[in-house]
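Chains A and B, in that order, are what the protein sequence lines are.
With the first letter of the first sequence counted as 1, position 37 gets the number 37 in the working numbering; the numbers rise by one all the way through.
With the first letter of the second sequence counted as 1, position 9 gets the number 9 in the working numbering; the numbers rise by one all the way through.
Mixed in with the good hints there might be a few duds.
[Said to hold, decoys possible] Here are the simulated PhoX-like cross-link-like pairs (lysine-lysine), alpha carbons at most 25 angstroms apart as the crow flies:
#, chain 1, residue 1, chain 2, residue 2
1, B, Lys22, A, Lys99
2, B, Lys71, B, Lys94
3, B, Lys70, B, Lys41
4, B, Lys70, B, Lys83
5, A, Lys99, B, Lys94
6, B, Lys57, A, Lys99
7, A, Lys99, A, Lys26
8, B, Lys9, A, Lys107
9, B, Lys9, B, Lys71
10, B, Lys71, B, Lys18
11, A, Lys107, B, Lys41
12, B, Lys71, B, Lys83
13, B, Lys70, B, Lys18
14, A, Lys111, B, Lys41
15, A, Lys26, A, Lys111
16, B, Lys22, B, Lys83
17, A, Lys26, B, Lys71
18, B, Lys83, B, Lys18
19, B, Lys94, A, Lys56
20, A, Lys99, A, Lys56
21, A, Lys99, B, Lys83
22, B, Lys22, B, Lys94
23, B, Lys71, B, Lys22
24, B, Lys57, B, Lys83
25, B, Lys70, B, Lys9
26, B, Lys94, B, Lys57
27, A, Lys99, B, Lys70
28, B, Lys41, B, Lys71
29, B, Lys70, B, Lys94
30, A, Lys99, B, Lys41
31, B, Lys83, A, Lys26
32, A, Lys26, B, Lys94
33, B, Lys71, B, Lys57
Don't read these hints as lab results, they were simulated from the structure.
Here are the chains, one letter per residue:
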Amino acid sequence: SQWGEENLQALSIQEGEDVTMNCSYKTYTTVVHWYRQDSGRGPALIILIRSNEREKRSGRLRATLDTSSQSSSLSITAAQCEDTAVYFCATDVGGSNAKLTFGKGTKLSVKS
Amino acid sequence: GGIITQTPKFLIGQEGQKLTLKCQQNFNHDTMYWYRQDSGKGLRLIYYSITENDLQKGDLSEGYDASREKKSSFSLTVTSAQKNEMAVFLCASKRGREQYFGPGTRLTVL
Numbered sequence: 001s002q003w004g005e006e007n008l009q010a011l012s013i014q015e016g017e018d019v020t021m022n023c024s025y026k027t028y029t030t031v032v033h034w035y036r037q038d039s040g041r042g043p044a045l046i047i048l049i050r051s052n053e054r055e056k057r058s059g060r061l062r063a064t065l066d067t068s069s070q071s072s073s074l075s076i077t078a079a080q081c082e083d084t085a086v087y088f089c090a091t092d093v094g095g096s097n098a099k100l101t102f103g104k105g106t107k108l109s110v111k112s
Numbered sequence: 001g002g003i004i005t006q007t008p009k010f011l012i013g014q015e016g017q018k019l020t021l022k023c024q025q026n027f028n029h030d031t032m033y034w035y036r037q038d039s040g041k042g043l044r045l046i047y048y049s050i051t052e053n054d055l056q057k058g059d060l061s062e063g064y065d066a067s068r069e070k071k072s073s074f075s076l077t078v079t080s081a082q083k084n085e086m087a088v089f090l091c092a093s094k095r096g097r098e099q100y101f102g103p104g105t106r107l108t109v110l
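Work out the full structure: start from the sequences and follow the hints.
Right under this line is the structure:
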């Protein structure tokens with residue numbers, strides 16, 4: 001996929017700061033997934049937001065979705081060092097189509 | 001709970017060699033995937049399978065074969081390894097809308 005060939009975006013912040021990562025997508029989607037990938041491991045789902053939701057929260061995480069602009073964001077409040085990871089958004093059209101299209105990832109470094 | 005196991009963890013091959021990567025899941029999930037991740041980049045879908053004996057091509061299937069002989073396992077073959085190729089191959093299975101990933105196989109071609 002186009003985004004899979006792109007270099008990861010890099011973000012570096014201090015512990016305690018808030019951070020927002022953005023994702024834009026080109027095709028119709030019913031759900032936006034946000035995955036986190038720790039070094040040396042496979043990605044893991046951290047939050048999923050459906051097309052009929054504008055915002056979804058999970059602990060210090062907040063995802064938003066704007067279907068009109070085909071964009072989503074993931075915010076982390078009061079980032080901790082353990083939030084250091086690569087974050088990906090992914091979209092899928094649902095139904096019988098099993099494919100997930102991953103977006104360009106963000107490599108987040110949280111420094112103490 | 002369940003787990004996805006990928007073998008081997010590290011694979012070193014020679015240019016032109018045929019190499020096989022294996023993935024096992026005990027979630028009893030129907031759909032499984034193979035992705036390639038180059039260093040510092042995102043994920044690209046190589047093959048996926050929605051049930052035993054089914055194969056669907058992803059965006060990067062050229063140069064690869066796949067096999068899903070059992071529901072619990074999904075193999076990927078690099079048909080001819082390219083010199084200096086380095087990547088991590090990630091296997092995943094799916095339940096509902098969520099994909100569960102294995103730890104990856106790191107391929108280096110000398």
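Against the structure, the hints:
1. Between B/Lys22 and A/Lys99 the alpha-carbon distance is near 20 angstroms, which keeps this suggested pair within the 25 angstroms criterion.
2. Simply put, B/Lys71 and B/Lys94 have alpha-carbon atoms about 12 angstroms apart, close enough for the 25 angstroms limit, and the pair holds.
3. Among the hinted pairs, B/Lys70 with B/Lys41 is inconsistent with the structure: their alpha-carbon atoms are about 31 angstroms apart, more than 25 angstroms.
4. Only pairs whose Cα atoms come within 25 angstroms are accepted, and B/Lys70 paired with B/Lys83 is rejected, the gap being roughly 32 angstroms.
5. For the hint pairing A/Lys99 with B/Lys94, the CA-to-CA distance comes to about 10 angstroms; that is within 25 angstroms, so the pair holds.
6. Restraint check for B/Lys57 and A/Lys99: satisfied, since their Cα atoms lie roughly 10 angstroms apart, inside the 25 angstroms limit.
7. For a cut-off of 25 angstroms, the pair hint linking A/Lys99 to A/Lys26 stands: about 15 angstroms separates their Cα positions.
8. Our distance criterion of 25 angstroms between C-alpha atoms is met by B/Lys9 and A/Lys107, whose separation comes to about 23 angstroms.
9. A distance of roughly 21 angstroms separates the Cα atoms of B/Lys9 and B/Lys71; the hinted pair therefore holds under the 25 angstroms criterion.
10. Taking the CA atoms of B/Lys71 and B/Lys18, the gap is near 24 angstroms; set against the 25 angstroms cutoff, the hint holds.
11. At roughly 10 angstroms between alpha-carbon atoms, A/Lys107 and B/Lys41 fall within 25 angstroms of each other, so this suggested pair holds.
12. For a cut-off of 25 angstroms, the pair hint linking B/Lys71 to B/Lys83 is broken: about 33 angstroms separates their Cα positions.
13. At roughly 22 angstroms between alpha-carbon atoms, B/Lys70 and B/Lys18 fall within 25 angstroms of each other, so this suggested pair holds.
14. Our distance criterion of 25 angstroms between C-alpha atoms is met by A/Lys111 and B/Lys41, whose separation comes to about 22 angstroms.
15. In summary, the hint linking A/Lys26 to A/Lys111 is not supported, as the alpha carbons are separated by about 33 angstroms, beyond the 25 angstroms threshold.
16. Pair hint B/Lys22 plus B/Lys83 holds up; C-alpha atoms about 22 angstroms apart against a cutoff of 25 angstroms.
17. For the proposed pair A/Lys26 and B/Lys71, the alpha carbon gap of about 33 angstroms is over 25 angstroms, so the pair is violated.
18. Our distance criterion of 25 angstroms between C-alpha atoms is met by B/Lys83 and B/Lys18, whose separation comes to about 12 angstroms.
19. This hinted pair checks out: B/Lys94 and A/Lys56 have alpha carbons roughly 22 angstroms apart, not beyond 25 angstroms.
20. Annotation: proposed proximity of A/Lys99 to A/Lys56 holds, straight-line Cα distance about 23 angstroms (limit 25 angstroms).
21. Using a Cα cut-off of 25 angstroms, the hinted pair A/Lys99 and B/Lys83 is violated, with the two alpha carbons roughly 30 angstroms apart.
22. Annotation: proposed proximity of B/Lys22 to B/Lys94 holds, straight-line Cα distance about 17 angstroms (limit 25 angstroms).
23. Distance check on the hinted pair: B/Lys71 and B/Lys22 sit about 13 angstroms apart at the alpha-carbon level, within 25 angstroms; holds.
24. Our distance criterion of 25 angstroms between C-alpha atoms is met by B/Lys57 and B/Lys83, whose separation comes to about 24 angstroms.
25. About 21 angstroms separates the Cα atoms of B/Lys70 and B/Lys9, which keeps this hinted pair within 25 angstroms; it holds.
26. A C-alpha spacing of about 17 angstroms is found between B/Lys94 and B/Lys57, which places the hinted pair at or below 25 angstroms, so the restraint holds.
27. Pair hint A/Lys99 plus B/Lys70 holds up; C-alpha atoms about 20 angstroms apart against a cutoff of 25 angstroms.
28. Under the criterion of a C-alpha separation no larger than 25 angstroms, the hint pairing B/Lys41 with B/Lys71 is inconsistent with the structure, at around 30 angstroms.
29. With a CA separation close to 16 angstroms, the supplied pair B/Lys70 and B/Lys94 stays within the 25 angstroms bound.
30. With a C-alpha separation of about 19 angstroms, the suggested pair A/Lys99 and B/Lys41 falls inside the 25 angstroms cut-off, and the hint holds.
31. Proposed proximity of B/Lys83 and A/Lys26 is contradicted: the alpha carbons are some 34 angstroms apart, above 25 angstroms.
32. A threshold of 25 angstroms between alpha carbons decides the hint, and for A/Lys26 with B/Lys94 the separation of about 23 angstroms falls inside it, so the pair holds.
33. With a C-alpha separation of about 18 angstroms, the suggested pair B/Lys71 and B/Lys57 falls inside the 25 angstroms cut-off, and the hint holds.
Of the numbered hints given earlier, the model fails hints 3, 4, 12, 15, 17, 21, 28, 31; all others are met.
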